[in-house]
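S.K.: Those protein sequences? They're chains A and B, same order as listed. Each step along the first sequence adds one to the number in my numbering, with nothing skipped, and position 192 is 192. Each step along the second sequence adds one to the number in my numbering, with nothing skipped, and position 120 is 1120.
Please keep in mind that the hints were generated in silico from the structure rather than gathered at the bench. This structure is a prediction, so every number in the text was calculated from the model and none was measured. Possibly wrong hints are sitting among the right ones.
[Unchecked claim] Listed below are the simulated DSS-like cross-link pairs for lysine-lysine, each with C-alpha atoms no more than 30 Å apart in a straight line: (1) B:K1121 <-> B:K1300; (2) B:K1069 <-> A:K406; (3) B:K1300 <-> B:K1345; (4) B:K1322 <-> B:K1345; (5) B:K1069 <-> B:K1009; (6) B:K1069 <-> B:K1226; (7) B:K1320 <-> B:K1300; (8) B:K1300 <-> A:K226; (9) B:K1320 <-> B:K1009; (10) B:K1009 <-> B:K1300; (11) A:K226 <-> B:K1345; (12) B:K1226 <-> A:K406.
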Amino acid sequence: MRKIALICRRSPSEWVSCRSITRNLIRSYQLGFPGAEISLFHMEESFTFIEFDDLAKRIQALEPDVIALIDHHPHPAELIRLLGRRLSSWPRLYIHVFGDFTIMANSWMSVEGELRAANPVFICASEKQQRLVSSFLNGTGGNVRWIPFPVDRSDYSFQPGGYDRWRSERSVPPSDTILLYTGRLSLQKNVLFLMRAFAGYLQFNPDAQLWLAGPIDDLGIPYIGKVPPQGLLAWDMVELRNSLLSPSLRHRIRYLGDQDDPRSLAELYSACDVFVSFSTHNDEDFGMSPAEAACCGTPMVLSGWGGYSSFARVLQNSVREVPVSLVSGRIQPDLNVSIKAMAAAGAELATEEQRRANSAEALAFCSSEAVGQRLFELGRETIGEPFSGYSERFYKLAQAYRISPKAPFRAADGYSNLFRELYEPYF
Amino acid sequence: MNPTSDHDKVGRVLELIRGSSSADEMSRFGRRGDWSSNSRLGRAGSTFLFPHSSDYFSILKPVFLHQLKGVDVLTAYSPVLLRDGAVGLLDLFFRHSEPPMDDTFIFVHRDLAWTVPESWKNATAYYRVLPDVIADRPVQDLYLILSAINERQCSIADLQCRLEHIRRKISDGSYRVHVTVLPAHVFGTNPVERDTRSGIIFEMIRAIVAQFGEDIEHVSWTELQKRNLRSSRFVEFNPRRFYYADSFVSHHFLGKGALPLEEELVDRDEMELPISLFHKYALSVNCCSFDESRLVEVRKEWNDYARAPLFRREVRSFRKKKAFVGSRKFCAPALEALADCLASKIADANRCPGSS
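With the rest of the complex left out, here is chain A (with noise of 0.2 Å):
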């Protein structure tokens, strides 16, 4: 591979773990193929048609061996039909699937017939991603792979003595048993559920807290059309803090407010015992949060759900799974097994050496080298299946968005049997 075009967007993503995922991936490949020119080719929402033209036109000349899509905005289908019109013959097509690629299925199916000959590879970002994606397109699924989303070590590893330092800086009590969850707080990512779950722990563990960061959205539940007000889910956290916790232990639930910086969110994850996170957000495809968390040695108990399931499967030694299901119209694990994988987890805090180990443990899964390696293998692979299109699965997944494109999957209780149907893969 002498040559590779890597498309994303210049300006930065609207979701912070995307702005992290494209950087680091772009340092994969860098990586992973240290002897390649490696160009960057950026496109944006605001495009026309010419400037899509003169991008196609650059990358032509480029005469790449590989052309990877490395952002999940704007949508390429307006450069991959003008590319499938100048290239004569496609090299290899790498497209890293992000978590809205289900969303876009309108789009991606405007471009069937250019990527029958391009004969993409999809890189998708987890395992049960990789079945999901695999579930949409026709044949036994060759052509779609799975290599996780890179996190940089520089920014997320063991950090020697991190865990007293960072703690005695935020005048922790050394017996205080430190839950954390970081990311978005939005009703998908079940974060009042975790304060419910956290409340019956504390019952267990009257020295626990949890920590929540991240910024908070009203995002709602956008599949089935449940848009709140701005604002709702910052009250419920309010009243459900009030209510599950008297006057003297609320303290023990703390919003830390949004944290970007990758140096504070390391030092959160050094000072903590426990990652927390019981997600079942639509399209958790990997897991940028845990990710982190688990470069930095930290134990984690994790919902079953899409991506999160890759963590459990690979990092067996620091991860507790909880599975999920479909309940009264909410996905969401059962409140009594997620407290007790707390207290277990709670009841079993790492040494320095565990944090170390299980930190050379996630970076040898989920490094910018370990991705860029895995990177590497791929290219030297025969890719034997071709794309011989979509599976009448996407056709119904793109039906129902242009059905409903604000609730594609509402149904009168909830989630509709075709939500139930095409993410099984996802449960």
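Starting from the known structure of chain A, fit chain B onto it as the hints suggest.
M.R.: Using the frame of chain A, we list chain B on its own:
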């Protein structure tokens, strides 16, 4: 009407808040179509004041009067928090010299308590929006939010004075200064308003550069919503609370943990009601923070006009379908002019800190 004692009023407010926080009540209010008119006036009003007019959730049911189907909503959904500025409130009190029913209860911004007539006092309590977070980290960023509507919002002279005060206040710090200018929508082909608006924006930018130099960053509202504002302070220029009193922009900053540059503390007689984990309402049943003689003068002037037949005819002849046509906005130009006059008199008594 006999005045209610403060103690009784506090009891009533607490009871209303309890009722308002029930799931049934929140669900009822959540059915927006039942109380919101979605009229041309409502939509135009929201567009005119965007993004200040963006909705946010609170159990006190914050609304703008221009959104409502009618005054009956104030009773049917009591208590209701009015986000309107002076002009909206005075229009309400002009058209309804008394609360429509005994059950009616509203929350009005404390700074606009001067607009509330005696007949409404038993049915009104007052709110402020305050941070509920300690400044536990160094502040690095200062955001200046200006709304380029017209000089009734904030005169250029007042703006210049306030900017100078801000500059002196932060002169020993190392803030990065960011500026967001929010121009209100100009409706129709209205060259006078457009020219005025562009002139105001020019003068605002000039005033900012004069105080802070050119090393300032322009931030669009879209970009602002993506930013981590935790280590920030902000100033949302709305000293007269003329067109709006309760701004979504302020809630956005406070909800993300930012602090206003001028911090206010909760008074002893105020009740606190959380809005988010980082900010709250401070509620009071009484408000006497105005210069008494000025208040008497303003109330007298209001009463004189409110009773004057010509003025009444002028205001009552305003048709909602004429709102946002030409220079008209929410109400009759005569009422807006009177509101401006009265607000100026009150503002004089609460002028820019540091001004002579």
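S.K.: Look at each hint and say if it fits the structure.
M.R.: Comparing the hints with the structure gives:
1. About 16 Å separates the Cα atoms of K1121 (chain B) and K1300 (chain B), which keeps this hinted pair within 30 Å; it holds.
2. For the hint pairing K1069 (chain B) with K406 (chain A), the CA-to-CA distance comes to about 27 Å; that is within 30 Å, so the pair holds.
3. Pair hint K1300 (chain B) plus K1345 (chain B) holds up; C-alpha atoms about 12 Å apart against a cutoff of 30 Å.
4. Using a Cα cut-off of 30 Å, the hinted pair K1322 (chain B) and K1345 (chain B) holds, with the two alpha carbons roughly 29 Å apart.
5. With a C-alpha separation of about 28 Å, the suggested pair K1069 (chain B) and K1009 (chain B) falls inside the 30 Å cut-off, and the hint holds.
6. Under the criterion of a C-alpha separation no larger than 30 Å, the hint pairing K1069 (chain B) with K1226 (chain B) is inconsistent with the structure, at around 34 Å.
7. Annotation: proposed proximity of K1320 (chain B) to K1300 (chain B) holds, straight-line Cα distance about 28 Å (limit 30 Å).
8. Restraint check for K1300 (chain B) and K226 (chain A): the C-alpha separation of about 50 Å exceeds 30 Å, so the hint is violated.
9. For the given pair, K1320 (chain B) sits about 35 Å from K1009 (chain B) by alpha-carbon distance, which is inconsistent with the 30 Å threshold.
10. Straight-line distance between C-alpha atoms of K1009 (chain B) and K1300 (chain B) comes to about 26 Å, which keeps the hinted pair within the 30 Å bound.
11. Proposed proximity of K226 (chain A) and K1345 (chain B) is contradicted: the alpha carbons are some 47 Å apart, above 30 Å.
12. With a C-alpha separation of about 22 Å, the suggested pairing of K1226 (chain B) with K406 (chain A) holds against the 30 Å cut-off.
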